[in-house]
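For the record, the sequence lines run as chains W and X.
Positions 1 to 371 (the numbering used here) are the ones given, in order, by the first sequence.
Positions 1 to 165 (the numbering used here) are the ones given, in order, by the second sequence.
A hint or two may mislead.
Derived Cβ-Cβ restraints for the label pairs, each shown as a range [to be verified]: (1) X/137 x W/319: 23 to 33 Å; (2) W/65 x X/137: 36 to 46 Å; (3) X/5 x W/27: 26 to 36 Å; (4) W/27 x X/34: 33 to 43 Å.
Calculated from the structure, these hints are not laboratory results.
For every residue, glycine included, the Cβ atom is placed at its ideal position computed from N, Cα and C.
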Amino acid sequence: MTMLLPTFELHQPTTLADAVALAKKLGDDADFLAGGTDLLPNYKCGLNARGHVISLQHIAELKFVGAAPRGGPGGQGGQGDHVGSPLQIGAGVTLAELEHNTEVPAGVRAAASQVASPLLRESGTLGGNLMLDNRCHFFNQSYFWRNSLGYCLKATGDRCHVVPQITEGGKSVLNNKVCVATHSSDMAPMLIALGATATFAGPEGIREIKLNDFYWGDGIARHERKPGEILVKVNLPRWAQSVRSGWKKLAPRQSIDFSVAGVAAALELDGGKIKTLRVALGAIDTTPVLFDFSRQDLRKAPGHYLHMDPTKGMPEVMGKTLDDELIAVIAKHVQTIAQPKLNVPMAPDYRKKMCGVLTRRLLTELRDAKR
Amino acid sequence: MAKKMLHITVNGRPFEVAVEPFHTLASVLRNELNLTGTKVGCDMGTCGCCTVHIDGKAKLSCLTLALECEGAQIRTIEGLNEGQMHPLQRAFAECGGSQCGYCTPGFIMKSCELLQKNPEPTRDEIKAALSGNLCRCTGYMKIYEAVETAANELRTKSVPAPVKV
Numbered sequence: 001m002t003m004l005l006p007t008f009e010l011h012q013p014t015t016l017a018d019a020v021a022l023a024k025k026l027g028d029d030a031d032f033l034a035g036g037t038d039l040l041p042n043y044k045c046g047l048n049a050r051g052h053v054i055s056l057q058h059i060a061e062l063k064f065v066g067a068a069p070r071g072g073p074g075g076q077g078g079q080g081d082h083v084g085s086p087l088q089i090g091a092g093v094t095l096a097e098l099e100h101n102t103e104v105p106a107g108v109r110a111a112a113s114q115v116a117s118p119l120l121r122e123s124g125t126l127g128g129n130l131m132l133d134n135r136c137h138f139f140n141q142s143y144f145w146r147n148s149l150g151y152c153l154k155a156t157g158d159r160c161h162v163v164p165q166i167t168e169g170g171k172s173v174l175n176n177k178v179c180v181a182t183h184s185s186d187m188a189p190m191l192i193a194l195g196a197t198a199t200f201a202g203p204e205g206i207r208e209i210k211l212n213d214f215y216w217g218d219g220i221a222r223h224e225r226k227p228g229e230i231l232v233k234v235n236l237p238r239w240a241q242s243v244r245s246g247w248k249k250l251a252p253r254q255s256i257d258f259s260v261a262g263v264a265a266a267l268e269l270d271g272g273k274i275k276t277l278r279v280a281l282g283a284i285d286t287t288p289v290l291f292d293f294s295r296q297d298l299r300k301a302p303g304h305y306l307h308m309d310p311t312k313g314m315p316e317v318m319g320k321t322l323d324d325e326l327i328a329v330i331a332k333h334v335q336t337i338a339q340p341k342l343n344v345p346m347a348p349d350y351r352k353k354m355c356g357v358l359t360r361r362l363l364t365e366l367r368d369a370k371r
Numbered sequence: 001m002a003k004k005m006l007h008i009t010v011n012g013r014p015f016e017v018a019v020e021p022f023h024t025l026a027s028v029l030r031n032e033l034n035l036t037g038t039k040v041g042c043d044m045g046t047c048g049c050c051t052v053h054i055d056g057k058a059k060l061s062c063l064t065l066a067l068e069c070e071g072a073q074i075r076t077i078e079g080l081n082e083g084q085m086h087p088l089q090r091a092f093a094e095c096g097g098s099q100c101g102y103c104t105p106g107f108i109m110k111s112c113e114l115l116q117k118n119p120e121p122t123r124d125e126i127k128a129a130l131s132g133n134l135c136r137c138t139g140y141m142k143i144y145e146a147v148e149t150a151a152n153e154l155r156t157k158s159v160p161a162p163v164k165v
């Protein structure tokens, strides 16, 4: 079935500076296109399509792994805007390239190799995966489907079909204006577990933000990218290179499908005892959810509509031996906190339980891995 | 919204086509160049029917904007082999790897890329490489057998006499 794309104007800048200038000029009526594997299906369903599309595919500054190319991103800040980061991954690197790149941590490779299908990974980029639109049963549907039920908050409508609403005589009196669409990115939880930061280039210059602080708990606003800003690269801290990291995901099919639950972990052991443990859940909430067991990396709450608090009842694990018993305690905690909504395939109960199961499997695997 | 000129080489032949910015490569190949061998299944990137080679890489033409392919070398199922069947095509026919045939061009283009990179793939490698292509008829086993047969044939060069098409 051929689905027609809505009409738009395509812009193909070749430098980051040009792209930023274009985005500034076009304002709200423009979207960025990287691989197009998320944007174009949404456009074909008539979901929030805009009049202008700015392609990022021809910008060489976004395609690198390792040290930043000379001149620096955007040609504005020059080199050295992130001194001391041993690994930088350009936002334009495709997931297929990342999957086979031995420079990046094992967890990043694992997560990249499980996104969608080989064909989609050939086009899909790291940046696109991090900026992925949130997903929901009531949103990712054709125009006809949505028209039959009535539109939702996230596209053209004024109500949410997922969260219960108080109604009076069939009319909604308390409309929940916070969208709960699921954040299905596989790369985001993995990079958050590894403590990554993201660098953006925008009309006001270059800024760097912790990836864990970047996502907002609202499926419509989604994140704090300022208008016209472009994700340039992801920076991984030095320790991310040496820790054990991995990713496990649950999806209806092993290929093609978006994850409906995913667990990323970064683990540092010192003689069998936990030195660092960061677990991040994907596809469970409107944002990835980080469990930093050292309780240091806490998301700033105001304005972010956090739905879950990973520190609530968090067990003391630092410095303890990571045996099967402790893994079970950690898995139980992750499972208790996870509160999936009924808005992607598979039952929330099952997905909640699988968060615990995947955490147990992943931590056991990481602990037993020969190094 | 003005049409723009797109210059692409499809199956070794240069083309100059006027396309809209919102036209996908699949629609240009099929509607403008009449290369209807490339099929469009879901048009959402989930079925793999529309797979073509863009600069040597198997990609989904339904999720590729035509204008993004300016100057690119495209290879479609029609250009797999000039005038005769490619060993992959013959193997798909002989092993029953194709029934209704709608997914076959996608499977063959992806398999072709796989065999170029890895002339001796294991069954698991074939499964992994083809995991983005859907077939509702065969149950996949015969497709895997066809790829193995073609790989064997291409490796040993025991290519039977070409079948004229």
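We went through each hint and held it up to the structure:
Distance hint check: the CB atoms of residue 137 of chain X and residue 319 of chain W are about 58 Å apart, inconsistent with the given range 23 to 33 Å. Checked against the given bound of 36 to 46 Å, the beta carbons of residue 65 of chain W and residue 137 of chain X, roughly 41 Å apart, stay inside it. Separated by about 28 Å at the C-beta atoms, residue 5 of chain X and residue 27 of chain W satisfy the suggested range of 26 to 36 Å. In this structure the hint that residue 27 of chain W and residue 34 of chain X lie 33 to 43 Å apart at CB holds, the actual value being about 40 Å.
Of the numbered hints listed earlier, the single one contradicted by the structure is hint 1.
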